[in-house]
Amino acid sequence: MTTIIDVRHLKKAFQQSNALADVTFSIQKGEIFGFLGPSGSGKTTTIKILTAQLHKDAGEAFVFDMPVSAMQDSKNREKFGILTDNSGLYSRLSIEENLALYCKLYNVPNTAIKEALEFVNLYGERKKKVSMLSKGMTQRVLLARAILHKPDLLFLDEPTSALDPVNTAHIYKGLRALNELGTTIFLTTHDMQEADTLCHRVAFLNKGTIQAIGTPKQLKEQYSEQTITVELKDGSSQVIKNDAQNAQSLHDWMANNQISRIFSNEPTLGDIFMKITGSDLQ
Amino acid sequence: MMNISIARIQAIFMKDYKEFSRNYAISVMVFIPIIMAFLYRDMEFDAAQKMLFPLAITFGMVTAFVQAALIAEEKERNTLRSLLLSPASLADILIGKSALVSTISVIIIALCCYAVNYTPSATMIIAIILSIVFYAALGTICGLFAKSTMETTFTVLPVVIIFPFGPFISMFAERFSVLKIAKWLPSSQLADLAQGDSLVPMIGIVLWTIAAWVAAIILCKKRMVD
Ligand SMILES: Nc1ncnc2c1ncn2[C@@H]1O[C@H](COP(=O)(O)OP(=O)(O)OP(=O)(O)O)[C@@H](O)[C@H]1O
Ligand SMILES: [Mg+2]
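Chains as they are written, first to last, in the working numbering: chain A, 1 to 282; chain L, 283 to 508.
Derived from the structure by calculation, the hints contain no laboratory data. Each statement offered as a hint is correct.
Computed list of lysine-lysine pairs in BS3-like fashion (alpha-carbon distance at most 27 Å, straight line):
| no. | chain 1 | residue 1 | chain 2 | residue 2 |
| --- | --- | --- | --- | --- |
| 1 | L | 504 | A | 11 |
| 2 | L | 300 | A | 135 |
| 3 | A | 135 | A | 173 |
| 4 | L | 429 | L | 504 |
Taking the hints into account, I'd like the entire structure generated from these sequences.
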């Protein structure tokens, strides 16, 4: 396996806040990696450091096996695509004209425009001026621009925060297809459903450190309280631990034909997020 | 490291041209020096004298101010950051972004020369082109400093009044001796050159141009990181 991003003991402090206290993680080629954390936890800061938009204070960060400072080199910037909240479009130009500029900058043929706009479901509106676009449409144009050159690595900072469910689903499909062609995706989000359906692995960032990391399945198992809920025909429901001690009661209910429904209480990523980060909201 | 791509420079130039032609608040600026030149047309001084004012206005209001406004807008809308994150090199971006105002300035000055019936010498043409390159750098610096497009109006204004109007400021040097430094401004050097003196003023303009671009490049590199 090839490591695409390798971050060790990354630290970054601003005047008023300690954005990243000690962050360590790595991303392998072909992964869709979800970076989850509450607002202000340092997600965007991490992306900025990885794309050489911000200097780190301490620690090591490698992208494509090169120290992040190499990303200042224009040649290396061909390898990644990026969408963050500080990405901008030319408002007096049409969607198509904006993308045409970036085709030239990335040295890809203009046919990439059609493909990218179909990816974000905007091809029919390509002649529209950017100043006329809604927030969600702007976000989709930025996404189209980020994938225009089919980069090896894609940084997406909350790519679907302004989108409706239909477009979101369409974009998930596109991202999966892109990923299958070999693009590694680093994605930040608040949307736990998104992380669960899209990401191979997720990391929970809180207070400048990674609190948990793994596949959604692993994390759910790790944070599971191992309980099952049994709904009985009399309308009551029982939450019991999934262990030998409770085997008898389960057996009895079943023998007496009392059970209407039974399910295991797996936490959602959202539950885990709350558990990890919720404590300091109090 | 400073790899230059003509295709990228051209793409940035074309983009700027489209934006500029749709941005009426800024593009009307091009008419001011031309109107000025036509007003001077029938005055009594010699052609070189008549040219001084339209030239100063072009450098200040078009080359420096328009450049500052374009750069400030790119900064404000985050398009500059996006460009800096693309494979375009700093050289591609700075050359591409200066190409439009430079071209426009050349056209305006040519029209002004025609209007006042002035035929510049070869040395004068070189000096004018160098001056344009200098004012483009000055505009870039102002644009990078400004926090918003609105703010450029204020940051650029002093620069636009001081730098291109060296010969006019020098007129007051007899009364206020501090103003003697005005004769070292690139515009004063250009005026000297127009009077016939050529080596020293040319060196002066070259030095100003180099210094301004070094400053612009350093500032732009700083803008690459937060
Ligand atoms: N340029 C900056 N100057 C000072 N402080 C900053 C700067 N950028 C970020 N911060 C601080 O660093 C912390 C982390 O910010 P960051 O933008 O990385 O959070 P985030 O996880 O992306 O949040 P969100 O989900 O709201 O986008 C915050 O406390 C923020 O105030
Ligand atoms: Mg953020």
